[in-house]
Each structure stands twice: as C-alpha cells, then as structure tokens.
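Trainee: What follows is each chain in one-letter form.
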Amino acid sequence: MALLEVTGITKRFGGLVAVNDLSLSLEKGQIIGLIGPNGAGKTTAFNMISGFYKPDEGDITFKGKIISGLRPDVVCKLGLTRTFQVVKPFPQLSVRDNVMVGAYNRTNNRRESRQKAEDIIEFLGMQDVVDMTASSLSVAYRKRLEVAKALATDPKIILLDEAMAGLRPVETDNMIDLVRQVSKQGIALLLVEHVMRVIMSLAERIVVIHHGEKIAEGEPQDICQDKAVIDAYLGEVEIDVKG
Amino acid sequence: MTAENSKNPSNGPVRNWFRGVLLDWDRTQMLICFLLVGLLALAPLFIHSTYYLGILILAAIYAFIGISWNIVAGFTGQLLIAQIIFLGIGAYTTIVLFNYYLVSPWVGLLIAGLVAGLFGIVVALITLRYGLKVDYFALFTIALMVALRTLFLKWKFVGGAVGMWFRLTEPSFDKMIFADKEPYLYIALGLVVIGLLVQYRIYRSKMGKYFLAIREDEDAAAALGVNTSLYKTLAVVIGAAMAGVGGGFYVMYVTFIEPPQVFNLGLNVEIVMAGPIIGGLGSLAGPLVGALLNKPFAEIMRGALTEGRSGSSLIVYGAFLVLTIMFMPRGVTGVLHTIYCWIIRRFTSEEPGEDQNGAA
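Chains A and B, in that order, are what the protein sequence lines are.
Residue numbers 719 to 961, in this note's numbering, belong to the letters of the first sequence in order.
Residue numbers 14 to 373, in this note's numbering, belong to the letters of the second sequence in order.
Okay, chain A solo, but in the shape it has when bound (with noise of 0.2 angstroms):
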C-alpha cells in the first residue's frame, strides 16, 4: 500500500467539474510532478489532498487511513502538509516565529519547538533574517521560508504548490538542491510546477493533468514525447476554424 493513494477524486463548482476521477499514489520518499496547463484543476487536487476542500467523489488514504473530509490541521498532524501557491506567510512575524508556529505541531514547548525552528532554519540557510520579518523577506527567502514552515510540521509528505515560479535562474537551482535534500530525509513530494527543468531534473514520475483529468502518466522522458500532452500544453494541431 502506497503511502498516499488517491482514487477517483471529483471535484465540482456549481457545473464547472475541476477535478475529474483522478488518480494517484505516491511512496515514501518519492517525488511525483504534477503539471498541466492553467486551470488544469492542480490546485484544487492540492486543496482537496490537504484537506481545504472536501472531494464530492472518491477517495483519499494516507497511511491506510482515509482522510478526506478530514480538516487540514488533523491532516497536517497526520504527517500530510502544503504549501501555497501564493506564498502565505505570516507578515509581521519574524521568521523564527513563523516557523515555530509549524514546529508546534508536534511539541507544546516552546523552548523545542524555538530548537526545531533554528535547526530548519539553518538547514535552509535562513539564519541571516531569522529575525526580520517575513514581510521584509525577498520573494526567494518567502518561497523558502514556506518550505521551512512545512518542514518544521514534521511531515512525512509536502504538498509543494509552484514553490519555484517567479524564481531567477541561480534561486530555482538553489531550490532544486534543497528539494533533493528534504527528500533525502525520506519526505515524499507532490509538486506542482510550471518551470518544466524543474520538474524533469527532479520528478520520477509525472502526472498530467488537463480540464481536470489525468491524461498522462509516466517517466519524464516519455511524458515530454506524449501526443496529448503536446496538444494540451500547445493546443491541438488541427485549429477548429469554425470556433
């Protein structure tokens, strides 16, 4: 049994389905892409996965238990935690204290979790604003600083939501490293990405998403070669004129 097995999960709005009976599963320690074009329903995979958004079919088991439905905080004590797309941190809390908040997830010490949050810190090279805060940060430290507040959770899963976009050529490398280290620790990896090095020099299967259903699955190789997912990324060849 997988880790994180996703199965069949739908996901409506009113009549827009974003999410259509996808699939997927994902072992300790590995790392799994995510793509599709915008709109593709990644982001709302992520939301229901994490627990924001209940799924109105299928399921979601982690561990062997399922947790869809269940709310983000229990997941995330569960070992299951994001980060966001649009990075959210906590503006006017200083970068310690933002990630102590994710360190207390497994301690109500303060002095441990103060210990834990320095470590992560350090192992992502923060030290130097560890107290400013975050809202003075650059958007490469807050892209970061969400992977230090996941990590700090104790998780045994994050769910990466485009930690690289809007990063310069040296950042993203910088992330690329620090994403093979947490995975390294033995943490699984769910990413959404559109920086496509990113997601070839570092996923080891991609799933493709597109109008929300998966429409490839695969090695990275071959999903750079498959047909539909050219066509989706591209548009088709044969442009209906009559529109």
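Worth flagging that the hints you see were computed from the coordinates, not collected in a lab.
Don't take each hint at face value.
To be verified - Keeping only pairs whose Cα atoms sit at most 25 angstroms apart, straight-line, the calculated SDA-like set for lysine to any residue is:
#1 Lys146/B - Phe731/A
#2 Lys219/B - Gly732/A
#3 Lys219/B - Arg829/A
#4 Lys219/B - Asp739/A
#5 Lys783/A - Val804/A
#6 Lys219/B - Arg915/A
#7 Lys169/B - Pro184/B
#8 Lys219/B - Phe731/A
#9 Lys219/B - Lys932/A
#10 Lys219/B - Val792/A
#11 Lys902/A - Thr851/A
#12 Lys146/B - Gln810/A
#13 Lys746/A - Gln810/A
#14 Lys146/B - Lys783/A
#15 Lys219/B - Ala946/A
#16 Lys146/B - Gly732/A
#17 Lys945/A - Arg915/A
#18 Lys772/A - Thr241/B
#19 Lys167/B - Thr268/B
#20 Lys146/B - Thr761/A
#21 Lys219/B - Lys945/A
#22 Lys795/A - Ser741/A
#23 Lys146/B - Gln845/A
#24 Lys188/B - Leu123/B
#25 Lys772/A - Gly144/B
#26 Lys146/B - Gly797/A
#27 Lys795/A - Leu138/B
#28 Lys772/A - Gln810/A
#29 Lys781/A - Asp232/B
#30 Lys219/B - Asp872/A
#31 Lys772/A - Thr246/B
#32 Lys146/B - Arg829/A
#33 Lys219/B - Arg860/A
#34 Lys219/B - Thr851/A
#35 Lys783/A - Thr246/B
#36 Lys795/A - Glu231/B
#37 Lys194/B - Glu312/B
#38 Lys795/A - Thr241/B
For this one, chain A is given, so just place chain B on it according to the hints.
Mentor: Just chain B now, with coordinates in the frame of chain A:
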C-alpha cells in the same frame, strides 16, 4: 561582559537578568507596564483629589478591559467590535448576585467571568457555524449588542429601562464597598497586573503563536496544524471572561447600571477599543499605555470644552483617535518599538529580538 562579571561577581546575575530583559522587546514592554502600574500605585501619595483618583481608577479598569479585547482583536485578529456585551453581562451578573442573593462581589466577579465566558462560547460557536469572519463577524457582534440592549430594557428582573442601583451599605471589605477611592484603585491595579500576566503567558506560549498565526493568515495556519476553530473560540472565551470580570468591577465602582450604558457602541469605543488602538493593538504594553492616555485625555477634553458647547469634546476626541490611527498605525507602542530598536542597535552589537534563553 565577562571581564566585568569577574571584577564584580555580586553584580553579575542581576545585571545579566536586566540585560536579558532589555534585549527582549516583549519583556521590556512588561517592564514598562510594571513601572506604570507602580507609578499608579504611588499616585494617592501625590493626588488627593477624588476626581483625579477616579479618573485613574477608570483608566485602570479600561486598561484591564483593553487587555481582554487585545487578546481577541489584537492577537487573533477577530473583529469582536462589540466586546462591551461581555462587560455588560459581567456587570449585570455581579450586581444581580449582590442585590438579590447577597453574593459577595469578590465571588460575584468570578461568576461574572464564568457567565461572560460561557456567553463567549455561544458567540464563538454561532459565528463559526455560519462562517462569519472579519466584517460579518463585527456586524454580528453589533447586532447582538442591540438585541441584548432591547432585551435588558424590557427585562424587569434586572431593572429594565430604569436600571439597577448597587445596594450600598456601610463600607465593608467583604462587600467591596469602601469609603475612600484608594482601595478601588488598588483592586483595579491588581486586575491590571493579573491581566498583564495572563496576556504575557498567552503571548509567549504555543497558544499565543497560534493566535498570531490565525491573525496573519488563517489558511496558512490550518495547513501547519493549527485547529483554527478551537483557537479562535479560546481567544473569544478568554477575552469574554476577562471583560466579564472587568465589567463586574466597573459596576461595583460606578454603583449603577442601565442597558444603554453597557450595550452602547460609543462607550464601547471609549472603554474597550480606544486604549488598545492608541497604545498599539496586538502589542503587550498597548492596552495599558493607551488607557492611561485615553481616559485622562477624554476627561480633560470634557472639562475644557463642554461649557456652552456640549458635545464638542467628542469632536476633539474623535479627531484625536483618527489622527492617532493615521499617523501611528501601530500606536504608541509601535513608536516606542522603533525607538527601542534604534537604541539597541546604537548601544549594543546585538540585534533586537527575543532573548536567547527563552525563559517563559
């Protein structure tokens, strides 16, 4: 530092402790608060006018109630605009218990806190059930206040529109009735000290961090394992219970209560909101510093401007609040913090922040 200590070992621990406090803004704020409380405690030595002592007593009560609102609105960012409903419930509980059942106000205050806290749970559960947040939450509390005012105006048991006078007897410690102003001042200051300590404990604990996280971003907090409903409820209940106790003591001091007095948005601004906003909402020293500026300022304006032009003091008072919000959005404590950071950078090599020992 170490060289100094070896020269002067007896001085070391005290100096180190003091240094630890001053390098930590949270604890520096507490130090400022306790110095202010100390000054207030000495006030009767210099101020003999009962009028001025009365202002200080009300300022202390406002500070305590301000702290209660600071925990809800300042820490968790919930716009519990009409916090005064809990004050009213606490006040009515205390006076009813005393007048009808001869319960000593000392016990009455605790029961007032309990009743207001329970009512806080009801308010929190209703707003959570219907997902009322920010402005809708604020409107709900205002609507509730109006409903309670109407209810209490019609409710004969609590005096209805006539209100209730506190059944005054001979001065007696048990009944919390004193001939002089000083005992009231010391009880009020006692409440302020308790309020400050409760607020500090919360702020430095896991609960406090979770409160702030909810204020800053509720979804991000939930993703990090914060049970946002639970912690929002906790904040409302703690704030409500404290406001209930504060309301109980308030009515003991003013000896009279009527519905328009406690279910009133204007008074809500003066008693509950002005202090923390002037002092710095969400900061530890804000409610006390703000209350000490707010109440005396309002009184001075009333004294200076009322003659022949009744109501004009309110215009000045309103302008004062607006200007404060415009030019000091983080309140007096925010300005103090800026100065504090400058001093720390100027005179030490360390960055201002929490102390590294994290004693809490």
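Trainee: Give a verdict on every hint.
Mentor: Cross-check of the supplied hints:
Between Lys146/B and Phe731/A, the direct Cα distance comes to roughly 22 angstroms. Compliance with the 25 angstroms bound is thereby established for this hinted pair. With a C-alpha separation of about 40 angstroms, the suggested pair Lys219/B and Gly732/A falls outside the 25 angstroms cut-off, and the hint is violated. Simply put, Lys219/B and Arg829/A have alpha-carbon atoms about 10 angstroms apart, close enough for the 25 angstroms limit, and the pair holds. Between Lys219/B and Asp739/A the CA atoms are separated by roughly 40 angstroms; this puts the pair beyond 25 angstroms, and the hint is violated.
For the suggested pair Lys783/A and Val804/A, the alpha carbons sit about 29 angstroms apart, so the restraint of at most 25 angstroms is broken. For the hint linking Lys219/B to Arg915/A, the alpha-carbon distance of about 40 angstroms lies beyond 25 angstroms, and the restraint is violated. Our distance criterion of 25 angstroms between C-alpha atoms is broken by Lys169/B and Pro184/B, whose separation comes to about 28 angstroms. Restraint check: the Cα-Cα separation between Lys219/B and Phe731/A comes to about 37 angstroms, which exceeds 25 angstroms; the hinted pair is violated.
Between Lys219/B and Lys932/A the CA atoms are separated by roughly 41 angstroms; this puts the pair beyond 25 angstroms, and the hint is violated. The straight-line distance between the Cα atoms of Lys219/B and Val792/A is roughly 17 angstroms, inside the 25 angstroms bound, and the hint therefore holds. Taken as a hint, the Lys902/A and Thr851/A pair is broken in the structure, with Cα atoms around 30 angstroms apart against an allowance of 25 angstroms. For the hint linking Lys146/B to Gln810/A, the alpha-carbon distance of about 20 angstroms falls within 25 angstroms, and the restraint holds.
Between the alpha carbons of Lys746/A and Gln810/A the distance comes to roughly 35 angstroms, so the proposed pair goes past 25 angstroms and is violated. At roughly 32 angstroms between alpha-carbon atoms, Lys146/B and Lys783/A are farther apart than 25 angstroms, so this suggested pair is violated. Between Lys219/B and Ala946/A the alpha-carbon distance is near 50 angstroms, which puts this suggested pair outside the 25 angstroms criterion. Only pairs whose Cα atoms come within 25 angstroms are accepted, and Lys146/B paired with Gly732/A is accepted, the gap being roughly 23 angstroms.
This hinted pair checks out: Lys945/A and Arg915/A have alpha carbons roughly 19 angstroms apart, not beyond 25 angstroms. Between Lys772/A and Thr241/B the CA atoms are separated by roughly 17 angstroms; this keeps the pair inside 25 angstroms, and the hint holds. For the hint linking Lys167/B to Thr268/B, the alpha-carbon distance of about 21 angstroms falls within 25 angstroms, and the restraint holds. Distance restraint check for Lys146/B and Thr761/A: the Cα-Cα separation of roughly 24 angstroms lies within the 25 angstroms cut-off, and the hinted pair is therefore satisfied.
For the proposed pair Lys219/B and Lys945/A, the alpha carbon gap of about 52 angstroms is over 25 angstroms, so the pair is violated. Restraint check for Lys795/A and Ser741/A: the C-alpha separation of about 23 angstroms stays at or below 25 angstroms, so the hint holds. In summary, the hint linking Lys146/B to Gln845/A is not supported, as the alpha carbons are separated by about 36 angstroms, beyond the 25 angstroms threshold. Taking the CA atoms of Lys188/B and Leu123/B, the gap is about 14 angstroms. The hint holds against a cut of 25 angstroms.
At roughly 16 angstroms between alpha-carbon atoms, Lys772/A and Gly144/B fall within 25 angstroms of each other, so this suggested pair holds. A hinted pair counts as satisfied when its Cα atoms are at most 25 angstroms apart, and Lys146/B with Gly797/A does not qualify at roughly 28 angstroms. This hinted pair checks out: Lys795/A and Leu138/B have alpha carbons roughly 23 angstroms apart, not beyond 25 angstroms. Only pairs whose Cα atoms come within 25 angstroms are accepted, and Lys772/A paired with Gln810/A is rejected, the gap being roughly 31 angstroms.
About 24 angstroms separates the Cα atoms of Lys781/A and Asp232/B, which keeps this hinted pair within 25 angstroms; it holds. Between Lys219/B and Asp872/A, the direct Cα distance comes to roughly 17 angstroms. Compliance with the 25 angstroms bound is thereby established for this hinted pair. Between Lys772/A and Thr246/B, the direct Cα distance comes to roughly 23 angstroms. Compliance with the 25 angstroms bound is thereby established for this hinted pair. Between Lys146/B and Arg829/A the CA atoms are separated by roughly 33 angstroms; this puts the pair beyond 25 angstroms, and the hint is violated.
With a C-alpha separation of about 23 angstroms, the suggested pairing of Lys219/B with Arg860/A holds against the 25 angstroms cut-off. This hinted pair checks out: Lys219/B and Thr851/A have alpha carbons roughly 19 angstroms apart, not beyond 25 angstroms. With a C-alpha separation of about 28 angstroms, the suggested pair Lys783/A and Thr246/B falls outside the 25 angstroms cut-off, and the hint is violated. At most 25 angstroms may separate the alpha-carbon atoms for a hinted pair to count; Lys795/A and Glu231/B meet this at roughly 16 angstroms.
Distance check on the hinted pair: Lys194/B and Glu312/B sit about 18 angstroms apart at the alpha-carbon level, within 25 angstroms; holds. For the hint pairing Lys795/A with Thr241/B, the CA-to-CA distance comes to about 13 angstroms; that is within 25 angstroms, so the pair holds.
The structure is inconsistent with the numbered hints 2, 4, 5, 6, 7, 8, 9, 11, 13, 14, 15, 21, 23, 26, 28, 32 and 35, although it conforms to all the rest.
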